[in-house]
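Protein chains: 2
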Amino acid sequence: MLVRTFVPAHITAFFVPLFHHDPLKAGSLGAGINLDKGTNVFASIERGTLERHIHIAFNGEPVKRKEAVISYSVADELVPNDFVGEVEIWQYFDFPNGYGFGNSAGGALGTALALSYTFGGTWLKAAQTAHRHEVLNRGGLGDVIAQLAGGIEVRVKAGGPGIGVVDNLFFGDYRVLVVPLGRLSTREVLDGDVVKVIEREGKLALEKLLRNPSPERMMVLAREFAEKTGLLSGELLELARELDKVISTPNSMIMLGRGLFALLREDEVENAIGVVSDLNLPYDVAGIHEGKPKVGRWVG
Amino acid sequence: MLVRTFVPAHITAFFVPLFHHDPLKAGSLGAGINLDKGTNVFASIERGTLERHIHIAFNGEPVKRKEAVISYSVADELVPNDFVGEVEIWQYFDFPNGYGFGNSAGGALGTALALSYTFGGTWLKAAQTAHRHEVLNRGGLGDVIAQLAGGIEVRVKAGGPGIGVVDNLFFGDYRVLVVPLGRLSTREVLDGDVVKVIEREGKLALEKLLRNPSPERMMVLAREFAEKTGLLSGELLELARELDKVISTPNSMIMLGRGLFALLREDEVENAIGVVSDLNLPYDVAGIHEGKPKVGRWVG
Chain A
4 MLVRTFVPAH ITAFFVPLFH HDPLKAGSLG AGINLDKGTN VFASIERGTL ERHIHIAFNG
64 EPVKRKEAVI SYSVADELVP NDFVGEVEIW QYFDFPNGYG FGNSAGGALG TALALSYTFG
124 GTWLKAAQTA HRHEVLNRGG LGDVIAQLAG GIEVRVKAGG PGIGVVDNLF FGDYRVLVVP
184 LGRLSTREVL DGDVVKVIER EGKLALEKLL RNPSPERMMV LAREFAEKTG LLSGELLELA
244 RELDKVISTP NSMIMLGRGL FALLREDEVE NAIGVVSDLN LPYDVAGIHE GKPKVGRWVG
Chain X
4 MLVRTFVPAH ITAFFVPLFH HDPLKAGSLG AGINLDKGTN VFASIERGTL ERHIHIAFNG
64 EPVKRKEAVI SYSVADELVP NDFVGEVEIW QYFDFPNGYG FGNSAGGALG TALALSYTFG
124 GTWLKAAQTA HRHEVLNRGG LGDVIAQLAG GIEVRVKAGG PGIGVVDNLF FGDYRVLVVP
184 LGRLSTREVL DGDVVKVIER EGKLALEKLL RNPSPERMMV LAREFAEKTG LLSGELLELA
244 RELDKVISTP NSMIMLGRGL FALLREDEVE NAIGVVSDLN LPYDVAGIHE GKPKVGRWVG
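Protein chains in written order, with this note's numbering: chain A, 4 to 303; chain X, 4 to 303.
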């Protein structure tokens with residue numbers, strides 16, 4: 004049996020981390036966008052071999068446990084103890100790992116949904132399992148619940164699925180430009196002094212957004228957040244300013260990765276791509292994924 | 004400007020009502036199915052006339068305030084006080100009103116989403132507004148939050164949007180047969196002595212479902228609930244038994260309407276339709292609506 008799940012890439016616009024010793028109560032406040040590209044997980048389950056094996060691969064390459072702790076932990080928990088057979092989990096990422104697209108949560112949630120679909124369970128329990136291991140292994144705090152909500156999301160109450168509360172903004176026909184330039188360690192940023200500024204500016208951005216909720220306002224506040232926290236600076240800030248010249252809504256920084264994202268109207272796509280391709284920078288253009296991740300039997 | 008929303012019809016399989024003086028904390032526990040047919044709401048907004056007018060129509064026929072108290076209350080709240088112009092809300096229902104398809108909540112939520120999309124707001128605030136007026140006017144307790152979740156839903160914590168928690172079951176390729184035979188007053192049922200039995204049997208069904216969550220199990224428990232509460236009896240129960248003979252998963256009663264619903268595998272559709280059409284009964288076959296309601300500008 005082959006099961007496929009799709010979990011959208013999730014870009015955080017601004018955030019407030021909220022730590023808690025209970026991982027289901029840990030989470031984040033903030034806002035972000037779910038893309039129609041992201042993580043595809045294929046779970047192949049074969050019963051009746053002699054032993055119980057779980058294998059995980061990233062983009063076609065098998066990975067060891069220590070390189071995929073979160074997804075292996077999810078699988079260990081959701082494959083029943085008495086199951087004997089081969090479980091292969093193939094994760095394919097549309098964006099590079101560590102660049103701020105929520106791949107870690109995408110792999111964890113996609114794995115949890117595929118295994119729960121196969122072995123029994125519910126959406127909420129699958130999502131809670133993914134969130135728990137994300138938090139315990141410091142993959143992220145808010146990606147799972149954000150990916151579960153889809154669209155342009157606003158985390159208004161922190162916590163894992165079933166505890167946190169996610170709102171959604173209405174949006175029109177937007178394309179999303181992403182310029183993924185490199186990694187930024189969430190762990191290092193959250194361990195640093197900047198976390199106090201992030202908390203203050205993140206809360207402020209959330210308050211302001213909820214007073215006047217719209218995608219355009221979210222981008223303005225994201226940019227303010229990125230600049231005031233000092234996370235967006237130097238060459239990346241210069242690039243953001245160049246990009247602003249050809250689009251109507253400010254672009255901002257992918258939290259947390261070295262990269263930018265922008266909401267584009269259809270008639271802005273060409274010029275925006277022009278700016279980044281003239282500089283020989285990598286980019287991608289995606290749509291916004293509305294609603295939940297997708298789960299189903301794969302026949303084809 | 005014309006905005007269109009689609010809100011799925013929601014059939015309750017079993018439930019536990021939970022009353023509370025704060026309407027956002029009132030709600031229900033239970034489970035149900037969202038269909039890919041339901042309520043379409045078209046909101047037409049014209050600015051710049053001399054007065055502020057709000058008009059609502061059901062299936063093309065204008066309705067007075069007292070016939071559409073819930074939707075008018077939602078509109079009064081979400082059309083800004085300083086708006087001057089014409090707001091026309093056209094609600095079209097795929098199923099008859101009062102038959103247990105969540106039309107009242109569908110109209111309220113569709114109206115709230117369309118107006119929030121137009122005048123500003125968020126999904127959560129729109130849904131809370133719809134839920135609040137549903138509860139205050141006793142339209143229903145759990146339809147709005149269930150319709151927001153989509154799919155086959157399980158209300159595991161009662162309350163309105165942002166307070167209640169809704170889980171989802173995984174499901175395969177099912178069609179849903181509905182046999183809508185008449186009205187059943189939610190108000191009368193909930194005011195009667197049966198409410199105690201509903202509470203006991205509803206809680207039991209929910210516990211059992213969460214121990215072994217699947218759509219097939221939900222139908223078995225729904226049927227037990229329907230029979231043990233005495234809501235399903237007489238001719239309707241006889242019809243349910245006839246229908247059971249040609250399908251693999253038990254059918255059950257639409258809560259609350261005089262009608263039945265069943266999950267059908269593709270190869271069961273013809274025989275199931277045969278049973279109801281041989282008796283000259285009305286029926287419809289729908290798919291399951293996954294994810295959130297739809298909202299957007301209507302062009303065409």
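Some hints here could point you the wrong way.
Identical chains share a label here; the pair holds if one copy fits it or two copies do between them.
Derived DSS-like pairs (lysine-lysine); straight-line CA-CA distance at most 30 Å [what the hints assert, rightly or not]:
no.: 1; residue 1: LYS211; residue 2: LYS297
no.: 2; residue 1: LYS297; residue 2: LYS231
no.: 3; residue 1: LYS211; residue 2: LYS128
no.: 4; residue 1: LYS67; residue 2: LYS231
No lab work stands behind these hints: they were computed from the structure.
None of these values were measured; they are calculated from a predicted model.
The hints, checked one at a time:
no., hint, result
1, LYS211 - LYS297, "between (32 Å within a copy, 26 Å between copies)"
2, LYS297 - LYS231, "neither (37 Å within a copy, 36 Å between copies)"
3, LYS211 - LYS128, "between (33 Å within a copy, 16 Å between copies)"
4, LYS67 - LYS231, "neither (39 Å within a copy, 53 Å between copies)"
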